[in-house]
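Chains as they are written, first to last, in the numbering used here: chain G, 1 to 69; chain W, 1 to 69; chain E, 1 to 69; chain L, 1 to 69; chain S, 1 to 69; chain U, 1 to 69.
Hint data in this document are derived by calculation from the structure and do not stem from the laboratory.
Check each hint, because a few of them may be wrong.
[Unchecked claim] What the simulated footprint calls covered on chain E by chain G, stretch by stretch (three residues with Cβ under 8 Å from a Cβ of chain G suffice, anywhere in the stretch; the number is not a length): (1) 3-14; (2) 41-51.
[As the list claims (entries may be wrong)] Straight-line distance between alpha carbons at most 25 Å, and here's what the computed PhoX-like set of lysine-lysine pairs gives: (3) W:Lys10 with U:Lys2; (4) G:Lys2 with E:Lys2; (5) U:Lys15 with W:Lys2.
[Stated by the list, open to error] Not close to chain G: a few residues of chain E, all C-beta gaps over 10 Å, as computed: (6) Val17; (7) Gly19; (8) Ala20; (9) Thr26; (10) Glu28; (11) Ile29; (12) Gly31; (13) Thr33; (14) Asp69.
Using N, Cα and C, we set each Cβ at its ideal position, and we do this for glycine too.
Number of protein chains: 6
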Amino acid sequence: MKISARNVIKGKVKKVVTGAVNAEVTVEIPGGTEIISIITNSSVESLGLKAGSEVYTVIKASNVMIAVD
Amino acid sequence: MKISARNVIKGKVKKVVTGAVNAEVTVEIPGGTEIISIITNSSVESLGLKAGSEVYTVIKASNVMIAVD
Amino acid sequence: MKISARNVIKGKVKKVVTGAVNAEVTVEIPGGTEIISIITNSSVESLGLKAGSEVYTVIKASNVMIAVD
Amino acid sequence: MKISARNVIKGKVKKVVTGAVNAEVTVEIPGGTEIISIITNSSVESLGLKAGSEVYTVIKASNVMIAVD
Amino acid sequence: MKISARNVIKGKVKKVVTGAVNAEVTVEIPGGTEIISIITNSSVESLGLKAGSEVYTVIKASNVMIAVD
Amino acid sequence: MKISARNVIKGKVKKVVTGAVNAEVTVEIPGGTEIISIITNSSVESLGLKAGSEVYTVIKASNVMIAVD
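All chains, full assembly: derive it from the sequences and hints.
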C-alpha cells in the first residue's frame, strides 16, 4: 500500500505503553530521533506492535508545524 | 516556549515552495530524514523561513500513525 | 502495508481538482457515499490518481467527530 | 448547524466503548461500511450516544488520506 | 446539529481570503481574540461566509496544544 | 519559540483531569471563553500544568472548522 501522507519514515518500536482506549508507541528512526505516536489499543494489537517491531511512522504534511527559536 | 506536542525535532529547512494560501516546507533532520510540512504562507513569512533556516518540526503524537509491511 | 488508522475504506476516485499546492479528491465508496480528501498535488502525482482509480480512504479515528440533529 | 467539514455522513451508532477520558464509537453508514471515531466521554454523554443513535460522522477533508495498493 | 467537538465558539467573520483550493477565514470571538481557520473554498461558498457573518469556530479538543513560556 | 500554528491564544488553566494516557485541560482565555485540550499525561507533567498555570493554547488553522446556524 502506498499512501498520500507525505511523511513515511522507517523505524523500530522502542516502547509501547497501553492505556484504557489509547496506547503510546515510541519509535526510533535512523539518526536516533524518537517519534511518539498515540494510536488505539486495537491498532497496537492488530499490527502486533511490540518493542523491536519494524514499522513506519506515517504523518500527513498538514499535521507538521514549524517552530523557530 | 515549551509545547505539549510530544514531537519537537530539530532540523534545517531544505526547500520552501509557496502556493496561493499554503506553502510546502521540506526540513532535513539529523540522520538525513526529510520531513515535509504544509503551513500557511503567512507563517512562512512571519517565521522568516528559507533554505538553511534552523527550525523545529512540531508534531502532536495523536497525528502520528504507525504502519507495518 | 497495514496502518494504525482505524478507518481504511475502499472506493473509486470520481474527481480530482488540483490547486497550487493542494488537490481535492472525491472518492465514491460502496453504498454511494462520497468522501472528499485534500492532499498535496505531489501525492496525486506519486499515487497516479485520476477518475476511476481504485483507492482506499484512510482516516484516523481521532479525526472523526460525531454530530446529532 | 451547517459545518465547513466537507464530509458529513449519516449513520447509526453500533457500539460505544468508554475509556478513562476517551471513548470509541462505531458508526454504520449506508452500504454497511463502519466508521470508527474516538471522542471524549463527555461528548458521548452530552450527545446521549448509545447503540442505535442516529448520528452524523463529521470529517474534515484535510484529515482524509488516500492510499493505493 | 450538536457536535462532539468540545470547542464550539461563537464569533463573527472579519476577513475571508480565498486561494486556489483553500481559503483563510479570520473570526473574531468575544474578548477580541481572532481565530484563523483554513477551509476549502467550496465550504466558504456553501456556508455563504463573508465579513460580518455570524459563525461558530469548531475545534476538536485533541487538536488543541498547550504551550508555556 | 515561535510556531507556524496561526492560533496562539494566551489563557489560564482552570482544570486538569488526567486519564490513563491522556488528560483533559480546560483553559480560560480573555473574554471568559473556555478552550478544552486533550494532551498526554506526560505533557501535563513536563509542562507542570495545574489550575492557575499561565499557558497558551496552540491551534493549527487547518484544524479550525467553521459552522453556521
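Broken hints, numbered, in rising order?
none
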